[in-house]
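Given the coordinates of chain A, work out where chains B, C and D should sit on it, guided by the hints.
Number of protein chains: 4
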Amino acid sequence: DRPLTLIAGPCQLESADHAQMIAGKMKEACDAAGAQYVFKASYDKANRTSISGVRGPGMDEGLAMLDSVKKAIGVPVLTDVHTTDQCAPTAAVCDILQIPALLCRQTDLLLAAAETSAAINVKKGQFLAPWDMANIVTKIESTGNQRILLTERGTSFGYNTLVTDMRSLPQMASTGYPVVMDATHAVQQPAGLGGSTGGQREFAPVMARAAAAIGVGAVFIETHEDPDRSPSDGPNMIYLDQMPQLIETLMAFDTLAKANPMTF
Amino acid sequence: DRPLTLIAGPCQLESADHAQMIAGKMKEACDAAGAQYVFKASYDKANRTSISGVRGPGMDEGLAMLDSVKKAIGVPVLTDVHTTDQCAPTAAVCDILQIPALLCRQTDLLLAAAETSAAINVKKGQFLAPWDMANIVTKIESTGNQRILLTERGTSFGYNTLVTDMRSLPQMASTGYPVVMDATHAVQQPAGLGGSTGGQREFAPVMARAAAAIGVGAVFIETHEDPDRSPSDGPNMIYLDQMPQLIETLMAFDTLAKANPMTF
Amino acid sequence: DRPLTLIAGPCQLESADHAQMIAGKMKEACDAAGAQYVFKASYDKANRTSISGVRGPGMDEGLAMLDSVKKAIGVPVLTDVHTTDQCAPTAAVCDILQIPALLCRQTDLLLAAAETSAAINVKKGQFLAPWDMANIVTKIESTGNQRILLTERGTSFGYNTLVTDMRSLPQMASTGYPVVMDATHAVQQPAGLGGSTGGQREFAPVMARAAAAIGVGAVFIETHEDPDRSPSDGPNMIYLDQMPQLIETLMAFDTLAKANPMTF
Amino acid sequence: DRPLTLIAGPCQLESADHAQMIAGKMKEACDAAGAQYVFKASYDKANRTSISGVRGPGMDEGLAMLDSVKKAIGVPVLTDVHTTDQCAPTAAVCDILQIPALLCRQTDLLLAAAETSAAINVKKGQFLAPWDMANIVTKIESTGNQRILLTERGTSFGYNTLVTDMRSLPQMASTGYPVVMDATHAVQQPAGLGGSTGGQREFAPVMARAAAAIGVGAVFIETHEDPDRSPSDGPNMIYLDQMPQLIETLMAFDTLAKANPMTF
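Chains as they are written, first to last, in my numbering: chain A, 1 to 264; chain B, 1 to 264; chain C, 1 to 264; chain D, 1 to 264.
These are calculated hints, taken from the structure and not from any lab test.
Note that the coordinates shown come from a computational prediction; the quantities given were computed from them, not determined experimentally.
Keep in mind that a hint or two might mislead.
As the list claims (entries may be wrong) - Short, incomplete list of chain A residues facing chain C, as computed with Cβ under 8 Å:
| # | residue |
| --- | --- |
| 1 | S142 |
| 2 | G158 |
| 3 | Y159 |
| 4 | Y239 |
What the hints assert, rightly or not - If we take Cβ atoms under 8 Å as the criterion, some of the chain B residues that face chain D in the derived model are:
| # | residue |
| --- | --- |
| 5 | W131 |
| 6 | F157 |
| 7 | T161 |
| 8 | G192 |
Even for Gly, the Cβ is constructed at its ideal location relative to N, Cα and C.
If we strip away everything but chain A, and leave its shape as in the complex, we get (with noise of 0.2 Å):
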């Protein structure tokens, strides 16, 4: 199997230089530990818990920043889209689109994205069961799109909490797929906060290390070097200069993970 994929980068968008300078963290700190790397940040927040949360730049800004990060970094771009429309335009800069996770069960948006040439990352529901993504690959399948990357990013449980089991890897990647762990919004508490989302930065680490020893294709991480005053998921993001030693760390247990890989 290959070494672990991170996909890593600040929940939103906020400027050229700020992109590319997390993604040239990102590159450096996964380079050194023999990590792919895939840089990822929304260009717009939609379904943010209050009206007055900070959305991001939009489409057309947020591409062009994401295009400079290419550019500049020599690293594939991911991205989330919302909108069927969204789909073409974002996949002619974007080597992955992402499905968010409450809009994982819209069939229009997934075949819009996945009849465009990129890759298509569908994050898991927090309503849905690992198995009931089975349905959502085939629909993807269905457009001859078979470059398929599936994300835990935690269950509901009980009101404001997510639970992420972890069966969940093993029961998605017997589909054929890449899974990957979103560490950083499985410790989210939505809407904990009243008007916007809590999260437990501090158990992120734990979901990272327990997913790559049981051998995941990817990490998933949100990371900014001042969570507290980013616009938005400050609660669960990971200082970025915590980074590079939880990479190198994540990076020996996926050594010993797949020299020694689970079987079902």
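Showing chains B, C and D alone in chain A's frame:
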């Protein structure tokens, strides 16, 4: 308080004749029982479990069918919208625009719907706490629209299962807006049949009665003359010929409940 | 069907006088409303959240208090048992032995209780599905005892939270035994205050009404003249002086429900 | 930190020979891998799903078997207690008394166990939040006993399903006591087969690995040479002949985890 409203109809539009037939029978039953009536049916099932699930006639044909119901039967009509561009044309025909549960946090959709002249019925997401609906209400109110209904349709409870927390009815009512109990979706088993959603039709009247006893503003029930042959949601829809009796009973509970209002 | 039974009393026994005072007021209210009445109180709270929680007078003193209620007020009494050796002496005084929810799978306790001449009320464990109660019924029936009641008191729903699934009432009723809705424990927040259990007293009538509308055999309510000063379960107990009105309303719903029995 | 301890054995005691056979093979495997080893088996399954489930040899015979393991194989032994009067005699033989998950809030049982000279392993109830274990620790510490282990074995997640929240491992570790991952009970499906409990044996190594990567003190695994013929818990026990390889892998993860301790 005003007497109970019944929001009822088939899961998806099949034909103008079929829609009118169901609307006609329902209006008759509601008139007999003293209930207000709103016809409901969908023109597009945009998030079917499986790619092969029947989706419905589409917006243009569907709106024509809804318009025919409105004119021929003389009842208000409700349907759901899934994209921002569906909102204005749908509001040209329908009295109430419904936001599907999975889309209840999509800010643009909420705003586009709210900016029409229609009333907005938001289904509470299966991943949301009742008190989180206050944030959604604020999004809608930001447009000046204060014709809002809030619907309980069950919350994720483990895998492929929903549970209805009766406390959500008074909790949502504390926003000041009418609360709707969606009795048939609340007994769904999402993706419970693998490639489609199961349901426990026999328990829908349990949910409807319990909600009526608490004093909700409306009950939402999907109904069909032959549910097992309907193109979607068969396992949870109620037989059309059982509706008059059910409505009569619900009205008796509604009358008793509203004569004895609960205080919280 | 017979009219609704009310099982009610303080969470724990405080004194013979206190028990008789509550039993007396409750009997009066039930007589006035046409409800049957069973007095309930515990002599030992064996599973308090905290080691420092008050546990009650113990079995010997407690049974004397219960006996005094029985003789002075002339009502049947119910209390819970926690060990096999409590069953026989408790059954010498009490009409109904109650199996606590957390102990509902302890085979020896079920058998020891069932082997007395008392009726057995089993509270469904917070960790159990409604249909799992069939296995518990079989354990009790194996002794020849067929005087069984089954109680809903909420199911684990994330952390420190319970949810009541109204479907459990008909599902448990399908065993053929009477079903009880425990309206005050169902609104507990287990360990929700850290060192003790929280509760949402204001929602207990919601649960009671919904259950009465479905047609349960009994409603279980803990009540106290000053809940915030009671030694346990204060946050969820209902004020004693609010009970007569509540009982009257519940009886109106019960009458309506039993005139319109549900079929499953 | 000390290397991983393996707590392992058959679900229930079958005979002295059988117990010694399993303990012998496990000790050999643990010695080879550098793991500490504790033998586990139950003499009474006091809360079987069904009245017809086999319960085991009982305390007297069972303790004799455990004593024979201790002497013949030279390993510490652990078993569970269900009543206060089992505690002293069991502690006369066993090094660790285990409190079953469903009984973890029974104060008298906790105190009676804690008052022996044994160490106490408390399984976290399926209905408990990780932080609620602090109250249980306080109960045990009130006796002066500070030899405590805390075990994760899954949390109620809808009906007939458990989920393991990996965050519970560091959360319980914050008490200062060693944390145990019970990998085989965590994959149970309680009462999932109607009259007995199902399980997903194939996922037990997933849980064990993830926990080892996080750096737990011990992993608990039930094992049997022929699980499908064992008197209880067959669906989730691991084949005995697969244990040496699993232990070796877990030790590799344990070594890596403890060289890179997590901070919270």
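Verification of the supplied hints:
Annotation: A/S142 was flagged as interfacial toward chain C, and the flag is violated, the nearest CB pair being 36 Å apart, outside 8 Å. At about 1 Å, the closest approach between the beta carbon of A/G158 and any beta carbon in chain C falls short of 8 Å, and the interface hint on this residue holds. Given hint, A/Y159 at the interface with chain C, holds; its Cβ is 6 Å from that chain's nearest Cβ, closer than 8 Å. The beta carbon of A/Y239 comes no nearer than 27 Å to any beta carbon in chain C, farther than 8 Å, and the hint placing it at the interface is violated.
A distance limit of 8 Å between C-beta atoms decides the matter here; for B/W131 the minimum to chain D is near 20 Å, and the interface restraint is violated. A cut of 8 Å between beta carbons decides the hint on B/F157: the least distance to chain D is about 5 Å, and the hint holds. For the restraint placing B/T161 at the interface with chain D, the shortest Cβ-Cβ distance is roughly 5 Å, inside the 8 Å limit, so the hint holds. A least Cβ separation of about 12 Å between B/G192 and chain D goes past the 8 Å threshold, and the interface hint is therefore violated.
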